[in-house]
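Student: Given next are the chains, with one letter for each unit.
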Amino acid sequence: MSIDIDTARKVAKLARIRVEEADLPALATELSGILGFMEQLNEVDVEGIEPMTSVTPQRLKRREDVVTDGNIQEQILKNAPDAREGFFAVPKVVE
Amino acid sequence: MTHLNELTIAAARDALRAGETSAVDLTMACLSAIDAGDWLNAFVHKTPEIALDMARAADARIKAGNAPDMCGIPLGIKDLFCTKGVESQAASNILKGFKPEYESTVTTQLFNAGAVMLGKLNMDEFAMGSSNETSCYGNAINPWKVDDRQLTPGGSSGGSAAAVAADLCLAATGTDTGGSIRQPAAFTGIVGIKPTYGRVSRWGVVAFASSLDQAGPMTKSVRDAAIMLGAMCGHDPKDSTSADLAVPDFEAALTGDIRGKKIGIPREYRMDGMPAEIAKLWDDGAAMLKDAGAEIVDISLPHTKYALPAYYVIAPAEASSNLARYDGVRYGHRANLKAGDGITEMYEKTRAEGFGYEVQRRIMVGTYVLSAGFYDAYYNRARRVRALIKRDFDNVFAAGVDAILTPATPSAAFGLGEMANADPVQMYLNDVFTVTVNLAGLPGISVPVGQDAQGLPLGLQLIGKPWDEAGLLNHAYVLEQAAGFVAKAEKWW
Numbered sequence: 001m002s003i004d005i006d007t008a009r010k011v012a013k014l015a016r017i018r019v020e021e022a023d024l025p026a027l028a029t030e031l032s033g034i035l036g037f038m039e040q041l042n043e044v045d046v047e048g049i050e051p052m053t054s055v056t057p058q059r060l061k062r063r064e065d066v067v068t069d070g071n072i073q074e075q076i077l078k079n080a081p082d083a084r085e086g087f088f089a090v091p092k093v094v095e
Numbered sequence: 096m097t098h099l100n101e102l103t104i105a106a107a108r109d110a111l112r113a114g115e116t117s118a119v120d121l122t123m124a125c126l127s128a129i130d131a132g133d134w135l136n137a138f139v140h141k142t143p144e145i146a147l148d149m150a151r152a153a154d155a156r157i158k159a160g161n162a163p164d165m166c167g168i169p170l171g172i173k174d175l176f177c178t179k180g181v182e183s184q185a186a187s188n189i190l191k192g193f194k195p196e197y198e199s200t201v202t203t204q205l206f207n208a209g210a211v212m213l214g215k216l217n218m219d220e221f222a223m224g225s226s227n228e229t230s231c232y233g234n235a236i237n238p239w240k241v242d243d244r245q246l247t248p249g250g251s252s253g254g255s256a257a258a259v260a261a262d263l264c265l266a267a268t269g270t271d272t273g274g275s276i277r278q279p280a281a282f283t284g285i286v287g288i289k290p291t292y293g294r295v296s297r298w299g300v301v302a303f304a305s306s307l308d309q310a311g312p313m314t315k316s317v318r319d320a321a322i323m324l325g326a327m328c329g330h331d332p333k334d335s336t337s338a339d340l341a342v343p344d345f346e347a348a349l350t351g352d353i354r355g356k357k358i359g360i361p362r363e364y365r366m367d368g369m370p371a372e373i374a375k376l377w378d379d380g381a382a383m384l385k386d387a388g389a390e391i392v393d394i395s396l397p398h399t400k401y402a403l404p405a406y407y408v409i410a411p412a413e414a415s416s417n418l419a420r421y422d423g424v425r426y427g428h429r430a431n432l433k434a435g436d437g438i439t440e441m442y443e444k445t446r447a448e449g450f451g452y453e454v455q456r457r458i459m460v461g462t463y464v465l466s467a468g469f470y471d472a473y474y475n476r477a478r479r480v481r482a483l484i485k486r487d488f489d490n491v492f493a494a495g496v497d498a499i500l501t502p503a504t505p506s507a508a509f510g511l512g513e514m515a516n517a518d519p520v521q522m523y524l525n526d527v528f529t530v531t532v533n534l535a536g537l538p539g540i541s542v543p544v545g546q547d548a549q550g551l552p553l554g555l556q557l558i559g560k561p562w563d564e565a566g567l568l569n570h571a572y573v574l575e576q577a578a579g580f581v582a583k584a585e586k587w588w
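Those protein sequence lines, which keep their order, are chains A and B.
If you read the first sequence in the numbering used here, its first letter stands for residue 1, the second for the next number, and so on.
If you read the second sequence in the numbering used here, its first letter stands for residue 96, the second for the next number, and so on.
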């Protein structure tokens, strides 16, 4: 299955990565090559095989549904590119 | 005379106990070696003050008695591990300047055991690469050199491998998603073990592909791997996939006795076009284990061929999801925005500027295979193939095989830049022998066994049963002793 330029543009959009129009044809070719490599998987008979969800047959642990941390606003915001008045700041979202 | 930075963990531990050296002296020797080794670009954030403080504390603890084995041992830490107050960037510009407010479980355990942090080590960006050429810090360089070319130390734990092989530290942490501990270990003539999935906590390790990622030690000997792995393992409530199992004494398991053990040689790993040197190394390794009293059996792992394509669906899919968090809001880089740019432009520009090309490519592959209409065809099919790959191993172990012997890599270290114009799939082939182990969640270890015609190190891989790191290390120990690999990179840097 080959990826056309429109599909490459759509994938970049979904991934929220800006790709310039001029770079889309090369990206489409590369993605096609990688997906072509994956086509081999179609040779495998997977009838009746469940997709793996966990590589070790373990039941995930449960714990009490209680608050175990908090009150660390300063640490949470410490690495933010833009933090103001105790919040993460971002460009205007609502018009 | 052996310089202190050239010691193994085991030798340093014993010398520290005997009062023949101090953690401060060991640390100073490593810090000097690190400064003299800048050319290798292995250490990308040096932490000499932290190291000396930790070393002084370790000396006090050793003096007081009953210090753990890792007490006073100077280590390099892969940049993928979050270390409190110290840059932890996963070799990516998108995490430029990120200093975590917390410490990963692995480094917490190592430091609680008294180990000393010398600094952070180079790697491929987000551990995506097999040559350390995707790093925002530039290439790490292999201390092994046979001509004018600079060689790759492998990847993604390339800085860790280079640092250990060049004696800049006694040992280092690595992580392995598709071979990122074992391939660089093989390329640099050191030992690297990827434990069973769930043996080591992933908490505080920057995530690449969560169902495949495992941390492990990269060391100068199998004994060192056993000692350091013991300090890294253990149940962690902060990682829901961390196994609540007792951690055996791995060093005590190194008996050197593998009489009657069954070693499987998987016929599917004898790839078309395998270099004669690799085939011979593999045969030699099997002969060494046979001489030690093991039984060599021919086995079949029929779905081997499909491991790489399955991996290159599953790993990018998980990566695209894990790396969605880098959005320019909570940490790291944010793009400069033009007037009128909204939040979508902020995301798109930030991620285009912050992620390197290989990472962008994998995120987009992952996005595609998870997108509506393709999820079943690619992602679910790959997960079903993964189940079959694991079943292949289950069947072999159920038939009584104790460990499996394979080559670690398809070649010796190649030159930096040599793969620049190759198809991405060509680079992915580096993982052909190691990736099955991550898909099946098994422990695997790379042991240096020989050298190619040019004199570059070559490694073999042993694959163990789930949770049998102890048995696996013992097999590796026998192989190491029989191979007697003692060559070191000649110092040119």
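FYI, nobody ran anything at the bench for these hints, they're computed from the structure.
Beta carbons are placed, not taken as given, at the ideal position from N, Cα and C, and that holds for glycine.
Treat the hints with care, as some may be off.
Each computed DSS-like pair below joins lysine-lysine, with the alpha-carbon atoms no more than 27 Å apart [as the list claims (entries may be wrong)]: (1) B:Lys-194 x B:Lys-179; (2) A:Lys-10 x A:Lys-61; (3) B:Lys-400 x B:Lys-485; (4) B:Lys-375 x A:Lys-78; (5) B:Lys-400 x B:Lys-375; (6) B:Lys-485 x A:Lys-78; (7) B:Lys-240 x B:Lys-400; (8) A:Lys-61 x B:Lys-333; (9) A:Lys-92 x B:Lys-444; (10) A:Lys-13 x B:Lys-586; (11) B:Lys-560 x B:Lys-141; (12) A:Lys-78 x B:Lys-194; (13) B:Lys-357 x B:Lys-333; (14) A:Lys-10 x B:Lys-179; (15) B:Lys-560 x A:Lys-92; (16) B:Lys-191 x B:Lys-400; (17) A:Lys-92 x B:Lys-433; (18) A:Lys-78 x B:Lys-191.
Simulated coverage check for chain A against chain B, where a stretch passes if three residues somewhere in it have a Cβ under 8 Å from a Cβ of chain B [as the list claims (entries may be wrong)]: (19) 21-29; (20) 48-60.
Student: Hint by hint, say whether it matches the structure.
Tutor: Status of the hints after comparison with the structure:
{"no.": "1", "hint": "B:Lys-194 x B:Lys-179", "result": "7 Å, holds"}
{"no.": "2", "hint": "A:Lys-10 x A:Lys-61", "result": "39 Å, violated"}
{"no.": "3", "hint": "B:Lys-400 x B:Lys-485", "result": "13 Å, holds"}
{"no.": "4", "hint": "B:Lys-375 x A:Lys-78", "result": "55 Å, violated"}
{"no.": "5", "hint": "B:Lys-400 x B:Lys-375", "result": "22 Å, holds"}
{"no.": "6", "hint": "B:Lys-485 x A:Lys-78", "result": "43 Å, violated"}
{"no.": "7", "hint": "B:Lys-240 x B:Lys-400", "result": "33 Å, violated"}
{"no.": "8", "hint": "A:Lys-61 x B:Lys-333", "result": "11 Å, holds"}
{"no.": "9", "hint": "A:Lys-92 x B:Lys-444", "result": "16 Å, holds"}
{"no.": "10", "hint": "A:Lys-13 x B:Lys-586", "result": "49 Å, violated"}
{"no.": "11", "hint": "B:Lys-560 x B:Lys-141", "result": "38 Å, violated"}
{"no.": "12", "hint": "A:Lys-78 x B:Lys-194", "result": "9 Å, holds"}
{"no.": "13", "hint": "B:Lys-357 x B:Lys-333", "result": "37 Å, violated"}
{"no.": "14", "hint": "A:Lys-10 x B:Lys-179", "result": "38 Å, violated"}
{"no.": "15", "hint": "B:Lys-560 x A:Lys-92", "result": "54 Å, violated"}
{"no.": "16", "hint": "B:Lys-191 x B:Lys-400", "result": "38 Å, violated"}
{"no.": "17", "hint": "A:Lys-92 x B:Lys-433", "result": "13 Å, holds"}
{"no.": "18", "hint": "A:Lys-78 x B:Lys-191", "result": "14 Å, holds"}
{"no.": "19", "hint": "21-29", "result": "violated (count 1)"}
{"no.": "20", "hint": "48-60", "result": "holds (count 10)"}
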